[in-house]
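Student: Hey, can you work out the whole structure from these sequences and the hints?
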Amino acid sequence: MTKIDMMLYKEIGRILKRERLNKETSLDQLVESINNIKTKSTLKRYEDGKSRIDMDVLPIICKLYAKH
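Counting from 1, one number per residue, gives the positions in the sequence shown under UniProt numbering.
Since the hints were made in silico from the structure, they are not lab data. Hints may be right or wrong, so weigh each one.
[Claimed, not checked] Simulated crosslink set (DSS-like; lysine-lysine; CA at most 27 Å straight-line):
1) Lys50 x Lys63
2) Lys17 x Lys67
3) Lys67 x Lys23
Tutor: So this is what it looks like as C-alpha cells:
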C-alpha cells in the first residue's frame, strides 16, 4: 500500500464514519443494514483507514447514508 493509498483510505474512512455518526447509526446497525456481508471489525478498519474498502460494499453503504 502506497502512502497515497493510505491517505485516500483514511479520508474515505473519515467520511464514512462522519456520515454514520450523523445518521446516529452504530457499527452493529450498519452490519445489519448491509445484510452482514462485512463484519463489524472490517467496517471499523474501513473507517479507521486501515483497510482498503471493497468497491462492491462502498456503493451499498453510500446508498444507505443517502436515503436518510
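Student: Is the straight-line distance between the alpha-carbon of Lys17 and that of Lys67 27 Å or less?
Tutor: Since the Cα atoms of Lys17 and Lys67 sit roughly 16 Å apart, the hinted pair holds (cutoff 27 Å).
Student: Does the structure keep Lys50 and Lys63 at a Cα separation of 27 Å or less?
Tutor: Since the Cα atoms of Lys50 and Lys63 sit roughly 22 Å apart, the hinted pair holds (cutoff 27 Å).
Student: For the pair supplied as a hint, Lys67 and Lys23, is the alpha-carbon distance within the 27 Å limit?
Tutor: Roughly 10 Å between the alpha carbons, so the hint for Lys67 and Lys23 holds.
Consistency note: the structure conflicts with none of the earlier hints.
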